[in-house]
Structures are given as C-alpha cells and as structure tokens.
Amino acid sequence: MAIRIPFGPQHPALKEPINFMCEVSDEKVLSVRPRLGYIHRGIERLAEERTYNQDLYLIERICGICSFAHVTCFSQAVEEVLNIEIPPRAKYIRTILAEMERIQNHFLWLGDVGHEMGFNTLFMYSWRDREVVLRLLETISGKRVNYAMNTIGGVRRDITPTVIESLERGLDRLEERAKYYKEVCAKDPTVLGRTVGVGVLSPIDALDLCAVGPTIRASGISRDVRADDPYAAYNEIPFRVITYDGCDVASRIMVRLDEILESVSIIRYALDNLPNGDVRVRVPRRVPEGEAVSLVEAPRGENLHYVRADGTEKPVRVKVRAPTLANIPPLCKMLVGGSIADIPVVVAGIDPCIACAERVAFVDTATEKRWVWNKEELRGYAKKWYQKK
Amino acid sequence: MVPEEIVTLLQIFLFPGFLFLFFLAFFSEWVDRKLVAKFQNRYGPLYTGPKGILQPVADFFKLLAKEDIIPTATDKTVFSIVPILVLALSMAPLFLIPMIDFSALVWFEGDLIVIMSITTLVIIAMFMGAWASTDRFSTIGGMRVGLQMLGYEIPMTIAMIGPAISSKSLSVSGIVQSQAGGLWYAITQPLGFAIAMICLLAHLQKVPFDVPEAESEIVAGWMVEFSGKKLALLRLAKNFELVLAGSLLVSLYLGGPLGFWLPHPSFYFFLKLIVCIFIFSNLRALFARFRIDQVLMGAWKYLTPLALLQIILVVI
Amino acid sequence: MAMEKELMKNLTKKPITLRYPSEKATPVEGIRAKVAWDIEKCIGCGLCPQVCPSKAIELTGKGSEAEITYYLDRCLFCGECVDICPTKTIKTTSEFELAFTSRKETTIYYKRSTISPDSTEESH
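Residue numbers (our numbering), protein chains in the order written: chain A, 1 to 389; chain B, 1001 to 1316; chain C, 2001 to 2124.
Just so you know, these hints were derived from the structure itself, not from any lab.
All values derive from a computational prediction rather than experimental measurement.
Take the hints with a grain of salt, since some may be wrong.
[As the list claims (entries may be wrong)] Cut-off 20 Å, straight-line C-alpha distance, at most; resulting in silico cross-link-like pairs (PhoX-like, lysine-lysine):
id: 1; chain 1: B; residue 1: 1229; chain 2: B; residue 2: 1034
id: 2; chain 1: B; residue 1: 1038; chain 2: C; residue 2: 2104
id: 3; chain 1: C; residue 1: 2041; chain 2: C; residue 2: 2009
id: 4; chain 1: B; residue 1: 1038; chain 2: C; residue 2: 2014
id: 5; chain 1: C; residue 1: 2005; chain 2: A; residue 2: 179
id: 6; chain 1: C; residue 1: 2034; chain 2: C; residue 2: 2005
id: 7; chain 1: C; residue 1: 2024; chain 2: C; residue 2: 2014
id: 8; chain 1: C; residue 1: 2005; chain 2: C; residue 2: 2041
id: 9; chain 1: C; residue 1: 2104; chain 2: C; residue 2: 2041
id: 10; chain 1: B; residue 1: 1038; chain 2: C; residue 2: 2009
id: 11; chain 1: B; residue 1: 1038; chain 2: B; residue 2: 1051
id: 12; chain 1: B; residue 1: 1066; chain 2: B; residue 2: 1076
id: 13; chain 1: C; residue 1: 2055; chain 2: A; residue 2: 314
id: 14; chain 1: C; residue 1: 2005; chain 2: A; residue 2: 187
id: 15; chain 1: C; residue 1: 2009; chain 2: A; residue 2: 179
id: 16; chain 1: B; residue 1: 1238; chain 2: B; residue 2: 1062
id: 17; chain 1: C; residue 1: 2104; chain 2: B; residue 2: 1034
id: 18; chain 1: C; residue 1: 2034; chain 2: C; residue 2: 2111
id: 19; chain 1: C; residue 1: 2055; chain 2: C; residue 2: 2024
id: 20; chain 1: B; residue 1: 1066; chain 2: B; residue 2: 1168
id: 21; chain 1: C; residue 1: 2088; chain 2: C; residue 2: 2104
id: 22; chain 1: C; residue 1: 2024; chain 2: C; residue 2: 2104
id: 23; chain 1: C; residue 1: 2009; chain 2: B; residue 2: 1034
id: 24; chain 1: C; residue 1: 2055; chain 2: C; residue 2: 2091
id: 25; chain 1: C; residue 1: 2009; chain 2: C; residue 2: 2024
id: 26; chain 1: C; residue 1: 2111; chain 2: C; residue 2: 2091
id: 27; chain 1: B; residue 1: 1301; chain 2: B; residue 2: 1076
id: 28; chain 1: B; residue 1: 1038; chain 2: C; residue 2: 2034
id: 29; chain 1: B; residue 1: 1034; chain 2: B; residue 2: 1051
id: 30; chain 1: C; residue 1: 2024; chain 2: C; residue 2: 2062
id: 31; chain 1: A; residue 1: 182; chain 2: C; residue 2: 2055
id: 32; chain 1: C; residue 1: 2062; chain 2: C; residue 2: 2041
id: 33; chain 1: A; residue 1: 319; chain 2: A; residue 2: 375
id: 34; chain 1: C; residue 1: 2034; chain 2: C; residue 2: 2104
id: 35; chain 1: C; residue 1: 2013; chain 2: B; residue 2: 1051
id: 36; chain 1: B; residue 1: 1034; chain 2: C; residue 2: 2091
id: 37; chain 1: A; residue 1: 333; chain 2: A; residue 2: 28
id: 38; chain 1: B; residue 1: 1051; chain 2: C; residue 2: 2055
id: 39; chain 1: B; residue 1: 1034; chain 2: C; residue 2: 2111
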C-alpha cells in the first residue's frame, strides 16, 4: 500500500519552504520528487536596477547565514572586471571573516541536525556556543548577521588590537567546545544509531550528480575551492582539506566538526601574520565592458557568481549558482531506500539553504526544450499574454 | 460524627481524589519542564505565577478556548470520543495506587492486573484516534503506536510481576505493605527496576521513545488532527500518565509512602515521585530519538530476555 | 550517555539566557544601529539619498535650507551614508531597540530652525 506524503513546504523540520513528494510504503521511501520555487524573490532582476555598491547589500541578503560568502564572490567578480588588485591586508581580513562565518554556520548546523534527531539538548548547547562567535563578529563588524564589511576594492573597517585580543580568547573556547562535540557525536549510542549508514552516497554517485561541499568530502573525494582555485589569502595560508570515507550522515558531521577546528587554526595563522597597510582602494563608479566568473567556498559548498558589465554604473546581468542547488539531485538519490524517519536527518545533513537556491528557467514539457529569457523577451511575452486575455 | 459515605465522597472528589490528582498532574508537568530546562542551561517557564508554576494551567485553559476543527473525512463519533476515553482511562488507575496511606482508596486482590490491562487499553484508544483521523501523518503515527506497544508491553508486564511474586500478593497496596518490614524491591531486584523504568518511558512516549509523536518527521503523529478542547484533554491525559508511571515505579519498587522521620506518609510519596520524575527528565534530555525498527529490535533482543532473567532470579 | 556529565554540571550553573526586559545585553562599541543627523551642519549636497541602497533618506530643499526625512523601517543600518557625508553630519548611535507600535513613529523628520532660536530636535 503506497501512500504519498508531502514533506513541506510547511513542516516543522524545514527551515525554508521546499516540497518533496515522497511515495512511501510501510516506512520505506520508494521515490522522491522535489519542487522548488516557493521563495523566489527575483534578486537577479533587482540587481540590475541598482549600482554595484548598492548591489552588495542586496546580494548579502540572498541568505542570512552564508551572506559573507555571497558578497565576497560578487566583489571578486566585479574586481576582476575592473582589473584591480585589493591590498593584502584586505585579503587577510576577508579570509578571517569568511572562516568565522564558516564556524558560525557549522555550529548552527550541528544544532539543526540534533533537533531533527530529537536531541534537543545538543541543539541548545551548540547554539549557546554559537553566541560566542556572533559576539566576536559583532565586535569586528558591528552586526551579528549581514556584516556589511565588504566593498568593491577591499573592506570597510579595520581590525584593531583590542579586537584581536578578544578574538584569541573566543577562539580558545570554540576549539574546546568543538572537540567536546566531536567526542559526543562519535560515542553517543543514540546519535550513532541515527546517523551511521543513513543517507549513503557512494563516491561514483557523488561525482556523477555533482555534489559539492562537505557532502562530497564525506564520500572521500577531496574537492575544495580554497585549495583547487585559491582566492583571497588562501594561497598564503597552509591548511588541510578534510575528507572522511563513511559516505553517510555521521561522516558529514565529522567533516564539519573537523572543519571548525581547521578554521580556528587558519584564523590564528592569519592573525599572527596580518600584513600592514590600507584596507581599501578607490574604484571608479562606472565599470568598463567585460564579464567575470568567480568561485568561493561557502560553508555549504562551492558558490558561483557571474557578472556582466557594459560601461554604465549598473550591471547588465548577475547570475548566482548557490551550493544547495547542486546538492538537490544527490539528495533525492540518498532518500530513496531509507525509511521515513531518516528523511529529516538526511535533508538536514546536506545543510539546505533553499533561499539561496531559487532560480527561474523555462521548460516546455511537450518538446523537452529548455531556455532562459532576458528582460525584454519576458516583457514581450507578458504583453502578448495580457493582450490575448 | 460525619457519616462514612460523606467522608468517602469527599475523598473521591477532593483529596486524594479528582482535585488532588489534577493538581498533581499540573505540578508534575511543571517539574518536568523546569528540570529539562535546567539541564539545557536555560530557564523554562518563568513568568506565569511564581517561578512559572501556573504555566501548565495557563496552557490548559488556552487550549480549551481555541477553535475545535473537525475535518470532514474523519469518523466523527470515534474522533470525538477518543480524547475523553484516553483521559478517563489514564486517570482511573490512579485511584488504585496508595498515595496518602498504606492502602489505596479502592483496593482488591488483582488490581495490578487491572492496571496493566488499562495501560494497554489506553494505547488501543490512541490507535483508534489515529485511525479515525484519516490523515496520512496520523496513519503512520498510529501504526507506530501499535508497533511500539508490541515491543515494550511484554517486558513491562514481566517487570511488574517480579515484585508481585516476591510479595505473594497481586494488589498494589499489598506490594507496598510487604515492603514495610524489609528492603525495598529496587535494592533486591535492581534489574527489574531498570527494565520497568525503560518500559515506562516507552509507554509515556518520551524521548528516546517518542517515535509515534516525532515532531520533526510526521508533524504531530497520531495527535495531528486534534485541536482545541480535544487537544487540551489529550495533553492532560499525558500528564496523568506521567503521574501514573511515576506512582507505579514508586509503589512497586520504592516502597510507596513508607519512611521513618517525616510526619505524614504522603510526604514520602511526594518526594519519591519527584525523584522518579527527575530520572525521567534526565533520560529525556540525554538521548536522541530512536527509529521504530531500532525500538523493536532492542526490546526483543535485550529487554525481554533480561526481564525473564530477573524473574528466574526472583523465583530461585 | 556521553553528555551526562555536562547535564549534571548544568544543574548548579546559572542559566545562560537573559531575563529580558530586566536583564539586557550590552551593545558593543561600533555597533551599526540607528543613524542621526545634526541638521545644522548639513550642506544639502544630496550624496546620502543617492548612495542609500534602500531609499530610506529623502532630501527636500537646497543648500543650507535642506531638510531630511529618514524612514527607519527601510533603513538597512549599513552605514554608507555615514561614510560618504563630506561634513560628518551623520553619526551612528547605539540605539538598537527599535520596535514601535504605530507606523507614524518610524518616520523621523529633521527640520531646520529658521525663525525661532531654539535648537532643532527630531520630531516624529
């Protein structure tokens, strides 16, 4: 007896609306059909109406948790079109902030997975430790989320020696807590029972379906934009790319906890070797013609921005490909064959950020043609449709 | 002298009857919520009444005032009766447990068997409620309720028979009285005590056994379509079950209202009940939730053989 | 099982959450909160409405007669206007508790005192 259960768009397990139509029979999942589009906000279109500097604040709000990764990606793309080089101190500050955002994201994610498993105590404890990171980010940039620190040409504020002192103290505490959670998640029998062997993604499937981020690193494949294509200051700072071989949710937990410890050591190295100098350069308001693609390792995976400019002060086209969009086909593969109780744990295991992942494309199901329209074509089609009514 | 019938009526309705049990149910929910919050480094209920003690009462009255929605596809008679049935069935065994004296309000030889069958009937009523709701999530929740009962029912029954064999009486009051001379059964039968505690946690559907009501998987499980007054009665029934589980543990294994230096026996009962709720809250904050197949496998592979072992040790 | 020690330790520790409104979190130095104008210093150059990403500032009048309307419910608290003002008229305050109960309170008018010698104050 197969019944169809809708998982989402409104569900206590999901933080953002997405719909999975699951066909189940007796607690086993037979097939999954995803549906996106509940939170499309038209950000790519809005970005064409604002200048490059104002676009930074719009791009920041694509996602609340990985906002710094999006802004860094966008600034790097525009700086590449302008063909300028930002000062080295700005590169190090960008690296420090990106790693702090990674730590904050992984603590939040740990609490999320705990909540999906019913382990509310882990949820409360890891969010309590996340407050340490948020307080440090507030002393550096003035805000807890959406830091408004990046600008085209560098960063807007400098890191003072008092801030560096409080950073060192906070980092000690974060390292201690991350080690404690590693021990808990490796030894607690209920956590192991819910995560080992759940949501298995073999390495061949991971490469075929183009998974990104910790999802693919937990299947043993070492893919990390910081090592493959370094940006900001990553070519000067030594660090390890963490991989585990388990291919299941337990390995993903371990990959992320190890990444917290690795980020702490990256920040310490960057603080010890911070170069002196300016933090920003002046850039012209009008950007000459050109286009650029930039890649950044957001906490959830590989993030891609494309910017095309035509000499005015507003961009012609901005395209964002967020990491969660690449992780959804592997997710559908992971869910089939498991039980209903595993659905929220696996969905939380890829760290979904659906708000990042909403893009529009047109598909004609009869002829299987796919295409993308620009502003004029869309307006022309809308006029014809309303005239016909 | 006040006639005997008036005293009995007052006892049934006030103390230790209905009114006292209502207060005990609200109080035990408050203790549970405050303890879990303390373990998680936060406050818990704080503002309603001194230290938040009126919070369960406020929740109950708020739910009574909300709109009661009955979906069109449900079996309306069964749907409306189930909350009342569950509440009545979970409150009834409390009259058979000695709380203020060494024998309960109502007692007879064999009332332990009655308690065990009523706890099974509660689960069947929950299953009926889930089936009558005719909703995808509640069907899955109802099936899980039944499956979980198949797992823990037998070890729980065996663990409760252990003290009955030692005291040569099938009445809860008799078991309490037979612990008066010697040691409590928690010390002579520790394995049975642990198994009874785990199985009662599964009966209460609390983490790690809250599979039928898994909030992040099937929304509210078997309770998903109940709202308003029906939900208020169901939540109150859950509180009564918490009191029932604690009282059963206290009477069968910890000696009920027995003790040395406090003035009245009911203080002992109270203290031991709070200790039992402390253990339940500790286990609730400590573990994640199991899957239904892991619950069944664990129950049949570990709990049932250990319970049988305990019985063999008692008889020898 | 693994967390039991921490659970027991937390029984004796004070809770980490604050009892708002009697206990509040202190804002850090350099917090990005509401901005305020010292309208007498404004020269009416018109740079702050141009640079604001969410159109939260309106300038009426010209030169030294210019007056500012600040929409608090559109402001992003990004601080771009603070950075770009040539006379340093705009400053960031540390008021972050900005929840109001009526829509009128979210628009702040900065007017100049032309006739009376009293100093200007923000009016709603």
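Here is how each hint holds up against the structure:
no.	hint	result
1	B:1229 to B:1034	violated (25 Å)
2	B:1038 to C:2104	violated (42 Å)
3	C:2041 to C:2009	violated (57 Å)
4	B:1038 to C:2014	holds (9 Å)
5	C:2005 to A:179	holds (15 Å)
6	C:2034 to C:2005	violated (44 Å)
7	C:2024 to C:2014	holds (16 Å)
8	C:2005 to C:2041	violated (61 Å)
9	C:2104 to C:2041	violated (26 Å)
10	B:1038 to C:2009	holds (10 Å)
11	B:1038 to B:1051	holds (13 Å)
12	B:1066 to B:1076	holds (19 Å)
13	C:2055 to A:314	holds (16 Å)
14	C:2005 to A:187	holds (14 Å)
15	C:2009 to A:179	holds (18 Å)
16	B:1238 to B:1062	holds (17 Å)
17	C:2104 to B:1034	violated (41 Å)
18	C:2034 to C:2111	holds (18 Å)
19	C:2055 to C:2024	violated (32 Å)
20	B:1066 to B:1168	violated (50 Å)
21	C:2088 to C:2104	violated (28 Å)
22	C:2024 to C:2104	violated (27 Å)
23	C:2009 to B:1034	holds (16 Å)
24	C:2055 to C:2091	holds (18 Å)
25	C:2009 to C:2024	violated (25 Å)
26	C:2111 to C:2091	holds (17 Å)
27	B:1301 to B:1076	violated (40 Å)
28	B:1038 to C:2034	violated (36 Å)
29	B:1034 to B:1051	holds (9 Å)
30	C:2024 to C:2062	violated (42 Å)
31	A:182 to C:2055	violated (47 Å)
32	C:2062 to C:2041	holds (14 Å)
33	A:319 to A:375	holds (14 Å)
34	C:2034 to C:2104	holds (17 Å)
35	C:2013 to B:1051	holds (17 Å)
36	B:1034 to C:2091	violated (45 Å)
37	A:333 to A:28	holds (14 Å)
38	B:1051 to C:2055	violated (47 Å)
39	B:1034 to C:2111	violated (53 Å)
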